[in-house]
Amino acid sequence: MKYACLIYSDETDPSANPDPASPEFAPIMAGYMAFGEEAGAAGVLVTGEPLEPTSTATSLQVRDGEVITTDGPFAETKEHLGGFYILDCDSLDEAMKWAAKIPHASSGTIEIRPVPDFSAP
Amino acid sequence: MTSKSVPSPTWADRALAEIHRTDWGRLLSLLVARTRRLDLAEDALGEAFVRAGERWPTAGVPTNPAGWLYTTASRVVIGHLRSEAIHGRKAPLLAARGDWVQPPVTDDIGELEDERLALILLCCHPALHLSSRSALALRLVIGTTTGDIARLFVVPKSTMAARITRAKKKIVAAGVPLAAPIDHELRTRLDDVCRTIYLAFTAGYAPAGGPDLLRTDLAGEAVELAAILRRLVADASQVRALHGLLLLQHARRDARVRDGRLVTLARQDRSRWHHDEIRSGTELISRVPVGTGYTEELRLQGLIAAEHANAPAASDTRWSTIASLYTRLESLTGSPVVRLNRAVAVGEAQGPEMGLDLIDGLDDALARNHRLHAVRADLARRAGNVALARSSYQAAIGLCANETEKRYLARRLSTLDPPDP
Numbered sequence: 000m001k002y003a004c005l006i007y008s009d010e011t012d013p014s015a016n017p018d019p020a021s022p023e024f025a026p027i028m029a030g031y032m033a034f035g036e037e038a039g040a041a042g043v044l045v046t047g048e049p050l051e052p053t054s055t056a057t058s059l060q061v062r063d064g065e066v067i068t069t070d071g072p073f074a075e076t077k078e079h080l081g082g083f084y085i086l087d088c089d090s091l092d093e094a095m096k097w098a099a100k101i102p103h104a105s106s107g108t109i110e111i112r113p114v115p116d117f118s119a120p
Numbered sequence: 000m001t002s003k004s005v006p007s008p009t010w011a012d013r014a015l016a017e018i019h020r021t022d023w024g025r026l027l028s029l030l031v032a033r034t035r036r037l038d039l040a041e042d043a044l045g046e047a048f049v050r051a052g053e054r055w056p057t058a059g060v061p062t063n064p065a066g067w068l069y070t071t072a073s074r075v076v077i078g079h080l081r082s083e084a085i086h087g088r089k090a091p092l093l094a095a096r097g098d099w100v101q102p103p104v105t106d107d108i109g110e111l112e113d114e115r116l117a118l119i120l121l122c123c124h125p126a127l128h129l130s131s132r133s134a135l136a137l138r139l140v141i142g143t144t145t146g147d148i149a150r151l152f153v154v155p156k157s158t159m160a161a162r163i164t165r166a167k168k169k170i171v172a173a174g175v176p177l178a179a180p181i182d183h184e185l186r187t188r189l190d191d192v193c194r195t196i197y198l199a200f201t202a203g204y205a206p207a208g209g210p211d212l213l214r215t216d217l218a219g220e221a222v223e224l225a226a227i228l229r230r231l232v233a234d235a236s237q238v239r240a241l242h243g244l245l246l247l248q249h250a251r252r253d254a255r256v257r258d259g260r261l262v263t264l265a266r267q268d269r270s271r272w273h274h275d276e277i278r279s280g281t282e283l284i285s286r287v288p289v290g291t292g293y294t295e296e297l298r299l300q301g302l303i304a305a306e307h308a309n310a311p312a313a314s315d316t317r318w319s320t321i322a323s324l325y326t327r328l329e330s331l332t333g334s335p336v337v338r339l340n341r342a343v344a345v346g347e348a349q350g351p352e353m354g355l356d357l358i359d360g361l362d363d364a365l366a367r368n369h370r371l372h373a374v375r376a377d378l379a380r381r382a383g384n385v386a387l388a389r390s391s392y393q394a395a396i397g398l399c400a401n402e403t404e405k406r407y408l409a410r411r412l413s414t415l416d417p418p419d420p
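Residue numbers (numbering that gives the first Met the number 0), protein chains in the order written: chain A, 0 to 120; chain B, 0 to 420.
Some hints could be false.
Stated by the list, open to error - One-sided and incomplete, this derived list gives chain B residues near chain A with beta-carbon spacing under 10 Å: (1) I170; (2) G174; (3) V175; (4) G259.
Hints listed in this document are in silico derivations from the structure and should not be mistaken for laboratory results.
Beta carbons: idealized from backbone N, C-alpha and C, even for Gly.
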C-alpha cells in the first residue's frame, strides 16, 4: 500500500535548513539524492517533491462563493511541511524503515500517512 | 460435528467460559492471521461464542469445542467478505502481504500454528499510542471485556471503548503488519511488549477510590499475558524476568488490602501470600543471566521483589542486599524514584541518617511526589528529628491525591511527639 511521508521541519533553524548558498546545504542535498536512489532502486519510491518555504505560501478558502486568500501558511506552527514522498510499501513497518532514512528525520519530523486505495477490487 | 456430552446448561456454560479463558487469544490470532481482517475477526469470534452459548446447552458441547468455535467464526468472516464483494467494497486488508487465505475448516486447532506472538506484537506496535497498547493486548489476546479494561485503568467505559476502536481502525487503515519481526528487531519489540504488560499490571495496583481500591483480578490478566508470552518466546531473557517479577509482586495480592485499607509490606500477613507463586517467580528470576538495558532493569527489580517475598518475617528482610541491588538499578536507570527506594533500604540497613543523606538533592526531580516527603518524614522520625518529620508529613499530605494514603499519613503525623511549648 502507498504511504505519504510528510517532511516537517523548522524553516528558521539553520542547522536543519541551511541557506542553499551555504556549504552546509550540500550534504543535506546529497542525503536526499542518496535516499531517492536507494528508494528508487528498491522499487518503493512513487514520487516525491520538495516545497518552497512557507514565505511563498498562499492559503485560500471559498466561503459563500467568495474566494478569500491569505499570505502565508494555513497554520502557524514551529515545524512546517517542507516536502513529501509517496512510497509504496508492504506494511507500516517497511514505511517506517524508509522514513527513518529521510535526512530531515534527524532534525525534524516525518509524518507517515497511509494513502487509501479507492480503485475497484 | 459430534456431540458426546449429556445436555447440561451449567456444564456447557462452564465449558464455554473455560475455552474463552484458555483459547480466545489463540483462536483470534489464527483468524486474524488467516483473514488479515482484525475488524471482522474479533466480532466474528464474539459471534461464534454467542452461538455456542445458544446451542451447546441443548445440543451438547462438541468433542472439539475450540475447533467448533474456529470453524463457526471463519464462516462468519466468509459471510461478511461475500457480502462486501457483492456490494463492491474493497476490503481494507490488514498489511497486504498477500491475498486472503481461505480459512481451513477444521476441527483441530492444535494442528494449526500459534499466531499469538504476532498478535501480541501487533497490539504493542510502537505506532500505537502507549495508552492503547496494553488495552488492546488484554482485549485481543486474553479477551478481557472492555468494561473490565476500563475498570483496570480507572477510566469510563465509553472512553476505553473509543480508545480500543481507534487503535483497531489505525491498525487496519495504516497497514500495521501482523508478522513477527526478524531477530535483532524482535529484541527491541519485546522490550516494548514487556513495558506494555508491566504498565497494565501496575495499573491494577494503582490505588483508586471506593470499593475498587486495587484491581488485583485484572492485574492477574496481565500476569497471564506475561505467562503466554513466556511460553511463546521461552528463551527471551526480558520476558522471563518480567514474568518472574510479576509473579513475585502478584503473589502478595491477598495481603495488600485489609478492611478496605492498604496494608504496607512490613505489616502484611505473610501467610496470605501465595508461596507457590513466590517459588516460581524466584526460580524464574534466578535463571535470568546478568544482562543490559531493560532486561537488567527487570531482573534487578525481580531480585529485589524476591528478597522481600522470601523473608519469613519483615524483620528478616536482608536490607543490605536490597540496598546494593538498588544501587545497581540506580546506576542503570538514573531514576530519582529508584534512588528514593534505595534510600529506604539504606535507611533500614545502615540507619536513618544514611537514608536521609541519600534523598538530599531529590527535591527538584521529585518536587510533586508525595512519597519523597513521606519517606523523609519516616526517616526523620526514626532519627529523632521531630521537626523535620512533622514538616515532611505535612508536605506529603498536601501533595498526596489518594484519600486512603492521606489518612495513613495523617495518622503517622498525629503520633509524633508534641512540639515543645
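Hint numbers contradicted by this structure:
4
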